[in-house]
Amino acid sequence: MAESTIDADNSTDAAEKAAEGKVFTSAGGDWADIAEEATNLGEERIVVNMGPQHPSTHGVLRLILELDGETVTEARCGIGYLHTGIEKNMEFRSWTQGVTFVTRMDYLSPLYQEVAYCLGVERLLGITDDIPERATVIRVLLMELNRVSSHLVALATGGMEIGALTVMTVGFREREVVLHLLELITGLRMNHAFIRPGGLAQDLPPGAIDRIREDIPLLRKGISDIEKLSNENPLVKARMQDVGVLDLTGCMALGVTGPVLRSTGFPYDLRKAEPYCGYETYDFDVQTWDTSDAYGRLRIRINEMKESLKIVEQTLDRLQEMGPGPVMIADKKIAWPAQLAIGGDGMGNSLDHIKEIMGTSMEALIHHFKLVTEGFRVPAGQVYQAVESPRGELAVHLVSDGGTRPYRAHFRDPSFHNLQAMAAMSEGGQMADVIVAVASIDPVMGGVDR
1 MAESTIDADN STDAAEKAAE GKVFTSAGGD WADIAEEATN LGEERIVVNM
51 GPQHPSTHGV LRLILELDGE TVTEARCGIG YLHTGIEKNM EFRSWTQGVT
101 FVTRMDYLSP LYQEVAYCLG VERLLGITDD IPERATVIRV LLMELNRVSS
151 HLVALATGGM EIGALTVMTV GFREREVVLH LLELITGLRM NHAFIRPGGL
201 AQDLPPGAID RIREDIPLLR KGISDIEKLS NENPLVKARM QDVGVLDLTG
251 CMALGVTGPV LRSTGFPYDL RKAEPYCGYE TYDFDVQTWD TSDAYGRLRI
301 RINEMKESLK IVEQTLDRLQ EMGPGPVMIA DKKIAWPAQL AIGGDGMGNS
351 LDHIKEIMGT SMEALIHHFK LVTEGFRVPA GQVYQAVESP RGELAVHLVS
401 DGGTRPYRAH FRDPSFHNLQ AMAAMSEGGQ MADVIVAVAS IDPVMGGVDR
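According to UniProt numbering, the sequence shown is numbered sequentially starting from 1.
Heads up, a few of these hints could be off.
Stated by the list, open to error - Restricting the straight-line Cα-Cα distance to at most 27 Å, the calculated cross-link-like pairs of lysine-lysine (BS3-like) are:
| # | residue 1 | residue 2 |
| --- | --- | --- |
| 1 | K310 | K228 |
| 2 | K332 | K370 |
| 3 | K355 | K370 |
| 4 | K370 | K333 |
| 5 | K310 | K221 |
Just so you know, these hints were derived from the structure itself, not from any lab.
Whenever a hint applies, use it, and build me the whole structure from the sequences.
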């Protein structure tokens, strides 16, 4: 090893650089000597890059960690690896086409983005009170099923990352039950574009209510299995208790919402605080915990899934009581005249439906063409609409200039805001605890980067 020296004739910059600390140059197999001398200096801080390909960072999240041994002294997020330009693209599409964009942001809770966006458009149009009750109840049904599937992914991936692989297999097994129900109703497992301004794309298919009722006991058993594997598991508690701590003051300062906020004991849930879609008429409890740590967030998500299934049962009862009815607003200047019907080959519209559109009225055909290609006009104005997604407050700010396309659309995604807390949760803890802290935030990078 040759210790570097600073010559008296060197420039000022070189002198300042050398003054910052001792500089080492390694040559040959003497790394042990360098490490020993560095230890004597008391400086062991290194910078580690974790992600964006790391399997435990919940997608393409990059973490830059400064370590002193195993202790994290500084932590920073690097985001933007999943930027899709969704909000800008929406400025070049009709209001109805916007649904197909927003559903692809947070891909684990697509139906919440559809609801938030459509509620905002409906407020701009001034038709909030004209939405059919059946459509509103089905929206609640879909959202609560989606909350269960999203929380199952959070618990499954979080379990996998701390070595609880059985939690992962059970979580994804139960999620399949929910995704099959969503596919039965909307035709797709994710990215549904099923909720539209004015109502829904179509009604529930025959037998859907009975199928959901049959699957609810299966889901309850699956949630119980996760509870048995997690709640009192000494290894899970050792990895999660007093890890990723963020108190109420920190949550308020960073704008953190959702299970992370409720783990401090603060019962803030938009379904109760600022009800929408008739949530004030449903019987459910806001779940809180008082530990402000990763373990509290685990327990909250498990309990919230149980509450969601209670709400789902209430929606099913209401749908059976009210019977068949419209699921799209009656105003034909907003509602598409087409009622989707699958043809004999399983694709497209039935021949009878095409005959009805093409043969009954030329004016109806022209109106249909204009509505689909150009879209409806939304009065000039702006609106902020928030809903309680599985990760917290999801909101949309829409601006209309009176045209057939949004002038501006911007989303307040809870993953983006909650991810700010990563540094506060991680700094001062162990490197292994960073994984647990990020998993307890449950960020979805599609929503963070948009």
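For each hint, the structure was consulted:
no.: 1; hint: K310 with K228; verdict: 20 Å, holds
no.: 2; hint: K332 with K370; verdict: 12 Å, holds
no.: 3; hint: K355 with K370; verdict: 19 Å, holds
no.: 4; hint: K370 with K333; verdict: 10 Å, holds
no.: 5; hint: K310 with K221; verdict: 14 Å, holds
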